[in-house]
Structure formats: C-alpha cells, structure tokens
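What follows is the residue order along each chain.
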Amino acid sequence: MKYWIFIILLSASLFTKGQSNDSLGNALLNAEMHFWQAGNDSTRYSALLQKVHIYRLAGLYHQAINEVERSSQYALKSDEKSQLKYEELLNNFLNNDYGYCTTFRFDSNEGISYSKQIELIQLYSLNELQEWANCKKEMVAYLDKTDTVKIKEILNLPETYQYKDPVKSKRLSAFLPGLGEIYDGYPIKGVTSFVITAGFLTFAGYNFYLHYYVTGFFSGVFPMTKFYGGGKRLSVNLADRHNQKEINKIKKLYSNEILGSVK
Amino acid sequence: MSRRCTRLFIRLFLLLFPFTVIAQSARFDTLAFYHHLAESNLQREQIAFDNLWIKQRPHDRTFTDSLCLNNAVLYYKLNLMDSSGHSLARVSQGNNFNLHSERLYISMLILHSKLDEVQNILYSRSNNSPSGTFFNDAQLSVKMLLRRSIDTIIPIYSPRIKEIGDRYEIAPHHSPALAGLYSAVIPGLGKLYLGYKYQALSAFMVNTLLAGQSAESYARAGPRSFRFIASTTLFGLFYGGNILGSILSAKKQRHDYYKQLDHEILDFHNTVVGKPLY
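First to last, the protein sequences are chains A and B.
Each residue of the first sequence is one higher than the one before, counting from 1 in the numbering used here.
Each residue of the second sequence is one higher than the one before, counting from 1 in the numbering used here.
Treat the hints with care, as some may be off.
What the hints assert, rightly or not - Okay, the calculated beta carbon distance ranges per label pair:
#: 1; chain 1: A; residue 1: GLY199; chain 2: B; residue 2: MET81; range: 50 to 56 Å
#: 2; chain 1: A; residue 1: TYR213; chain 2: B; residue 2: LEU181; range: 28 to 34 Å
#: 3; chain 1: B; residue 1: GLY222; chain 2: A; residue 2: GLY199; range: 42 to 48 Å
#: 4; chain 1: A; residue 1: GLY99; chain 2: B; residue 2: LEU31; range: 40 to 46 Å
#: 5; chain 1: B; residue 1: HIS86; chain 2: A; residue 2: THR225; range: 55 to 61 Å
#: 6; chain 1: B; residue 1: LYS275; chain 2: A; residue 2: THR225; range: 20 to 26 Å
#: 7; chain 1: A; residue 1: TYR163; chain 2: B; residue 2: LEU181; range: 44 to 50 Å
#: 8; chain 1: A; residue 1: LEU94; chain 2: B; residue 2: ARG254; range: 26 to 32 Å
#: 9; chain 1: A; residue 1: ALA174; chain 2: B; residue 2: GLY241; range: 28 to 34 Å
#: 10; chain 1: A; residue 1: GLY99; chain 2: B; residue 2: LYS275; range: 44 to 50 Å
Stated by the list, open to error - Think about it this way: if two alpha-carbon atoms lie no more than 30 Å apart in a straight line, the pair counts; the simulated DSS-like pairs of lysine-lysine are:
#: 11; chain 1: A; residue 1: LYS168; chain 2: A; residue 2: LYS116
#: 12; chain 1: A; residue 1: LYS150; chain 2: A; residue 2: LYS249
#: 13; chain 1: A; residue 1: LYS226; chain 2: B; residue 2: LYS162
#: 14; chain 1: A; residue 1: LYS152; chain 2: A; residue 2: LYS116
#: 15; chain 1: A; residue 1: LYS226; chain 2: B; residue 2: LYS143
#: 16; chain 1: B; residue 1: LYS162; chain 2: B; residue 2: LYS251
#: 17; chain 1: A; residue 1: LYS170; chain 2: A; residue 2: LYS251
#: 18; chain 1: A; residue 1: LYS249; chain 2: A; residue 2: LYS137
#: 19; chain 1: B; residue 1: LYS162; chain 2: A; residue 2: LYS232
The set of hints was computed from the structure by calculation and includes no laboratory data.
Backbone N, C-alpha and C fix where the C-beta goes; we use that ideal spot for every residue, glycine too.
Isolated chain B (complex conformation) (with noise of 0.2 Å):
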C-alpha cells in the first residue's frame, strides 16, 4: 500500500471515527431504557442514572434540576435522608417546573422541614394560583407546622388537610400555671383539670398517705423526730413533684397534639411523593 494511501485511510477513519461511536450511542435507547427502569421499580440503578446525565449536562438548568428532584424522591423512597436532602438542595431557586413536579418539589421541602423555602414559592406564585389547590394545602400545611394561627379564609382542597386543619383549631389549651396551681390546693385536681383520671388518683393517694403519715409522726414522735422530719421531707418532695409534674404535662400535652397533627400532615405529603406510609 502506497503512502498516499495510508493517509487516505487514516483520514477516513478520523472523519468516520465519530459516527461511528455516535451510531453505537444511537443504537442505546436511552429514553426507552429509563422507562424500563421507572417501571421495573429499580431505584438504586435510576440514580445512578440520573447522576450520570447531571454529570454529562452539567449546565443545562431545567433538565438537572428535574434529575436532581427525582433522584431526591427516590433516595427518600429508599429512606436514605441524607442523600435525599442533598439532592434536594441542588434544585436551583429558580427552577422550571411543571404543575406536577412543583406539587413534588413543594411536597419534598415539607418533608425536609425547609418551610421557609416554601414559603417564598407559595409567596411568589400566590397570584398567579387559582383558589382551592394543592397550593392552599401546602400553605395551610406550612402554617400548622410553624404554629401559627391558621387562616380559615384560604380554600382548602384536600379533605384530610381539611380535617387537621379543624383538629388544629381545637387544639388543647390547658394553662400550665392553672395545672400547677390546682395541684396545690389538691393534689392531683391538676392532673383531673388536664383530663388525666387515673394519674389524678394516684397523686391524690400517694399524697394524702404521706401526710397521714407525717400527721402520725407529729401527732405520736413529736415535732423533732426523726420520723416526723423524714416523712415530712417526703411528703414535700412528692408535693412539689406532683405541682411540677402538672405544670410539665399540660406543657407536654399540648407539645403531644401539635406533634401529632404534625406527623399527620407529613404523612399527607408523604402520599404525594408516592411513599408506602409504613
């Protein structure tokens, strides 16, 4: 083979060389091949993939962020946390999302508790949404975790939000210091005023058999007996304990509401991601 030749073939193949790994490239479908995956429920390997195309597209905006969100709802679907919020955090601020994937998105900053990113959403898009949406849901929802009053203008859409949202408005509001004070002029009327039967009881049991028993020490040992002194110290300890210990429970009743309504609102976005709830 002449020389002439050789540079003749060296240079179809550089002009070819592309083509041809472009045609390789052609022949995986990569689209058809992401479907299969989807609907296989192959999670792990749909992130990879993702991971793949977001280090390969690094710039074009809309198109990572819509991977960084579904790889965000998958690795929470794994219960992996961590991963998730990280994902989640590489959305861009101002991203171009469809109606359905801002439902997710919005959905997803709930669950992550980043409440105030999705404020500043529903803040932006509160024009421009009509009245009785997801939207209403998602703010109603925001205001109930971050326990401020909640507006009963805004038109709600979903009945299970609906139902928190008046479970919310009766939220118990037992005043610690009441409790406290209760408890002082009987003990356990605290615990009764907070609705607690059967601790009432007890309280007012224990309470009232400790100062028989330091009535007994007094009455039979006198006032500077050892057992006087000692079973008024413990009639004392368990006094105060049960005025504290109402205080404390009406605090913690209240906390145990909210945090319960709470628990149940993200188990409503929890339905919108798609999770098994347990």
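Pulled out of the complex, with its shape left as it was, chain A reads as follows (with noise of 0.2 Å):
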C-alpha cells in the first residue's frame, strides 16, 4: 500500500512541475486576452496590471517591468498610476537595480498611494548600496519626532567598518609572510603561510650550506617563490572576504531597523 501511495505522490509531483511552465502561459494568455478583448482603458490597464503580477510571482521581473511600460499609456487615474509607479520599483528592486531605485521620484500628479511601500524599498536599496548615511537621514525623516529611544537608537547605527586595505594587505605580505593575512584578521592563516614560506628558505639554506646547490634551488627557492607569491594573493582575498563580512553585519543591522522604522 506505502509503495502505491509513493508512487501516487511521485506522480502527482511530477505532473505538477511538468504543467508549471504551462499554466503561467496560460494565465498570461488569459490575461493578454481580456487586454485584447477589453472595450476600455481601465480595463486594458487591469489585465496588463495582472500580466505584471504573474511575471513578479514568477520571478520574471524583467518582462514585468516591460508589461508596465505597456500598461503605463492606459493608467489614467491618479490612483492607476501610482500603482504602476509602485509595480515598476518593485520589480526593479527585485531585479537587483537598487541604483534605480534610490533615484526614483513620484510626480506631484501621481498620488500619494503605496507611500509606505515605496519608502520601505528605498530605504532598502540605500543599504544595498551601502549609502548608510542617507540610510540614516531618511529614517530619522519618517520617525515620529517624539520617539527619541527609536531616533537615538537608528542614529547609533555605524556608518562605516573596518576596512581593510587590500593593497596594504598585499605590501604587508611582500614585506613578511603571513603579515597581511594578521593584518586582516586571520592570525591562523598568517602564522601557518609564515611557517611553510620560512621552512622552504631553510631547507634551501640547508642545501646550499651542504653544496647542494641543485636540490637547494629546485627543492627549496623554487617552492618558496610560489608559496610567497600565493601568500601575497592569499592576503588580498582575506582583506576582500573580511570587508564583505563587515559590510554584511552592517547590512543586517540595517535592515532590522528599516521594518521598525517605516510602520
């Protein structure tokens, strides 16, 4: 009976992911063909508006986007086009173009509808761009002027990290093996590059002290040149890897604040 139900399950699975690709076509046909069939704009303007919704469900935020421009020239209310306004940010979030979002403007004549919504995605493209101070300004800008335990709180947010010069980084290595790699933060790191570098310079030194100058270059210099040259690399990596750690643990500060900010 267990093996029967399995095989039911498994079944009903697979036919579900294999209709998937076909019921977004169809619902996008249904909707593309009530734009065709529509008698007036509002009507035009609701069944791109759906075709907007399926794409974003989708993930296909792209042709959402396009969708709005279609449905912008039938957008004649107030309300319609602030919606639109609002879709097209959306999607744009979603599509990573947080440069975009943090420039958008609303028209006077655009309504002041989704308001919040638009507010909220702006404040969170200001951190995925890491503007933190205009981050800042704009929250303490939505607040409620008499809550100072909420304003003192988002103005205690850092602005900035510790960086960490890749480049520096890199001339610490030159200079030392294993340098750089504390410098960044990563003593383990540093300490075991220093050893393994170190311990070929003295198996080379060994050798050349025994006349084995052959072995002593190949067994010795040779390696150590590629564990120097890798120890150098290795340092810049760490610097960029504890920079986006940083930015990360800023970015999550952030964005705890943003929902608590924009209510």
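Assembling the complex is the task here: the two chains are given apart, and the hints tell you how they should meet.
Written as structure tokens, this is what we have:
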C-alpha cells in the first residue's frame, strides 16, 4: 500500500512540475486575451496589471517591467499611475537594480498611494548600495519626532566599518610572509603562511650549506617563491572577505531597523 | 404563457444557442490576435495559444506540425531546451512544410543534435533541391558535425559556411604518438611540436632541473641514498607525466579545434532560427 501511495505522490508531483510552465503561459494568455477584448482603457489596464503580477510571481522581473511600460498608456487615474510606479519600483528592486530605486521620484500628479511601500523599498535600496548615512537620514525623517528612543537607536547605527585595504595587506605580505593575513584578522593563516615559507627557505639554505645547489634551488627556493606569491594573493582575498563580512553585518543591522522605522 | 408556447421557446432557444456561441467566438479575431502576439513578441502567450489550438485540432497534421515547430522555436528562444526538444519531437516525419518552415525545421533539428533525422530529410529531397541552396549548407553542416570528410563538390550557399568548411580542411593533424616520442627524446619538444612555446619551455626547465637534482644527489650521496631515490622518483614522475601530457594535448588540440567549428556551425543555424547569439 505504501508503495502505491509513494508512486501516486511522485506522479502527482511530476505532473504538477510538468504543468507549471504551461500554467504560467495559460495565465498570461488569459490576461492578454482580456486585454485584447477589452472595451475601455480601464479594463486594458487591469489586464496588463494582472500580467505584471503573474510575471513578478514567476520571478520574471524584466518582463514584468516591460508590461508596466505597456500598461502606462492606459493608466489614467492618479491611483492607477501610483500603483504602476510602485510595481515598476518593486520589480526593479527585485531585479537588483538598486540605483534606479534610490533615484526614483514621484511626480506630484501621481498620488500618494503606496508611499509607505515605496519608502521601504528605497530604504532597503540605500542599504544594499551601502549608502548608510543617507539611509539613516531618511529613516530619521520618517520617524515620529517624539520617539526619541528609536531616533537615538538609529543615530547610533554604524556608518562605516573597519576597512582592510587589500593593497596594504599585499604589501605587508610582501614585506613579511603572513603579516598581511594577520592584518586582515586571520592570525592562524598568517602564522601558517610564515612557517611554510620560512621552512622552504631554511631547506634551501641547508642544502646550499651542504653544497647541494640544484636541490637547494629546485626543492627550496622554487617552492618558496611559489608560496610567497600565493601568500600575497591570499592576503588580498582575505582582506576582501573581511570587508564583505563587515558589510553584511552592517546591512543586517540596518535591515532590522528599517522595518521598525516604516510602520 | 401556455405550455405550447413554452415548448416553442425552448425549441427556439436550443436552435439558436449554437449560433449565439459561434457568433460570440467569431467576434474574437483569432488571426489578428495571433499577429498581435507575434508583433508584441509575447512568446509565452504564443506558446499557450498554439497549445490551445493543438488540443482543439489534434488530427489536422499540417496545422499541428506548423504549430509544434513554432512552439519549438519559441521555447528555444526562451532557452527552454527540453520543452523545445519535446515540441520538435511532436512534428510528424512526413510533414508538409513550405520552404521557409523546412529551413527552420532543419536548423532546429541540427541545434538539437538530431543529425540522423536531418540526413534522412536531406536524402529524401536530394533529387528535387537545386544546388547552392540552404539545403547544401545543411548537408555540409551535418557532415562536419558528424566528423566526416567534407565533400568539396557540394556547392555552398552561405559564405559563412564556406569559411567554416575551409577551416575544417586545415584542422590540426598533429600525431599524438609523435608528440609523445618527441617529449621522450627532449622534454618539452612534444609541446613545441604542437605549437605551445611557453609550455615547452616550462616543461624543459622543470625536467632539466629535476634531472640536475638527481645527478647531483647521485654524485654527492651515492646511488643508494634517500636523496637520490626521492629525486629520481620525482624526476621519473615528471618525465612520464610530460610524455603523457604531450599525447593528451595533441588529442585535445584537435578536439578543441573541431568543437570551436561545431560552435560556429550551431551559431550559423542560430541565426537561421532568429535567436540573438549572445
């Protein structure tokens, strides 16, 4: 019996997966047919807006933006224009076009619906673009001036982080193997790098001392130079990794505060 | 209202109902809507619309074949290769395509690596196709993709295919055995024979230094010393690896050359289908 249940569930899941693409096309076709048969601009607008929602839910944000552009000529009321602007902004945000979201401005004749959602998207975009000073300023502007505790909390948010310069890190590693890694905040990697490079150098010196010049060069100096170069590249990568970690930490702090500030 | 009158109304309704439905459906201009979908480049909607019609008229082979081919092209443009292949497989063998559709069909088959089917089609129409047409290009494309010697007698239509055909003729034919032998005589010589100058220099340097290390160990520590055994083992590994590397490089070089040509042939058929290349 359990095998039958398993087979039925598996078939059902495969059937559903196989159908998903068709159902997207059918939903889009239905909306397009409504648009085609519509008698007035309002119905055309509704049909195209439905397509925008379908594309957005399917994760096809670029196509959703195209549909927003198509429907803009049928949006006559201020509410409709406002809704379209919101959809355009949201799909650009989901499409990782944060620059567009931060420069986005409402015209005065487009109404003020969706203002909270738009504020939220813009704050998140500023956070993603690491424009934290602006983000902080905008958050404080949206807050109630009497909420001093919250304002103080936001003003205490960091705007910068301890930046590790990859070039400086590389120079330090070039000066002394492992020093760049230690500067980046990875002391164990730094010590390991130093020990390996110094070990090969010692091995080369020992061989030269015993008059094994070819062995000293090939098994000592050659690997040492390879590890020395690799250590320099590693220090650059570690500096980048450190900076990315710090950025993510600050982004998380701001994300938590943004939801609280725009109620 | 009398009973007789009611019956009359019912009969009238039943008689007129199909006409009202037909009249409603006739109001929807299918052809105009289809043109609208094509002009607006609404590919997903076109596919759904085609599928709707395929379900409605499954026995009209000519009609369903052209819709299936259209779907295959649309899916291909959407990068949904599995769905495209599935739609292409639904096109019947003895289809009745016009010249344009047949070109499209052949290019789609080539893009889906169904080369045997293309050969069958080309073989069946070899008597009635004029020379120097797209079908000659397709024939040459299939021959090149199947790694068969290309027939220079075939008159070529497209200059691009001609250029690919010319390059096919001058494919590198370095012998892997000879490359291995050269590397065995002088490390790096095999790579030089294949045209890889820097790799040759690097292989020569490494092998010379390792050989020098072994010789030094032999001279200073003797043949039974750990130094000599370790350095000689290392040299042997590098020496053998270099020979093997030269043999594999010779094979890979030819393989890569043909792969590049395959890519360009598929690009040519991509343009026939109308998909932007990159």
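Outcome of range test on Cβ distance (LYS275 of chain B, THR225 of chain A; 20 to 26 Å): Given range 20 to 26 Å: violated, Cβ gap about 49 Å.
Distance restraint evaluation - HIS86 of chain B, THR225 of chain A, Cβ atoms, bounds 55 to 61 Å: Between HIS86 of chain B and THR225 of chain A, where Cβ atoms are some 56 Å apart, the hint holds.
Holds or violated: LYS170 of chain A to LYS251 of chain A, with C-alpha atoms at most 30 Å apart: holds, 27 Å
Distance restraint between LYS162 of chain B and LYS251 of chain B, which requires alpha-carbon spacing of 30 Å or less: holds, 25 Å
Satisfaction of the hinted span 42 to 48 Å by the C-beta atoms belonging to GLY222 of chain B and GLY199 of chain A: With Cβ atoms ~26 Å apart, the hint is violated.
Hinted pair LYS249 of chain A and LYS137 of chain A, Cα distance within 30 Å: Since the Cα atoms of LYS249 of chain A and LYS137 of chain A sit roughly 19 Å apart, the hinted pair holds (cutoff 30 Å).
Pair hint outcome, LYS152 of chain A versus LYS116 of chain A [Cα-Cα no greater than 30 Å]: Measuring from Cα to Cα gives roughly 22 Å; hence the hint holds.
Outcome for the supplied range 26 to 32 Å, where the beta carbon pair is LEU94 of chain A and ARG254 of chain B: violated, 47 Å
Pair hint outcome, LYS150 of chain A versus LYS249 of chain A [Cα-Cα no greater than 30 Å]: holds, 20 Å
Assessment of proposed distance window 28 to 34 Å (beta carbons of TYR213 of chain A, LEU181 of chain B): holds, 32 Å
Satisfaction of the hinted span 44 to 50 Å by the C-beta atoms belonging to TYR163 of chain A and LEU181 of chain B: Hint violated: Cβ distance 57 Å, outside 44 to 50 Å.
LYS168 of chain A paired with LYS116 of chain A [C-alpha distance capped at 30 Å]: Between LYS168 of chain A and LYS116 of chain A the Cα gap is close to 44 Å, so the pair fails against 30 Å, i.e. violated.
Figure legend: structure checked against the earlier numbered hints; hints not met, in rising order: 3, 6, 7, 8, 10, 11, 13, 15, 19.
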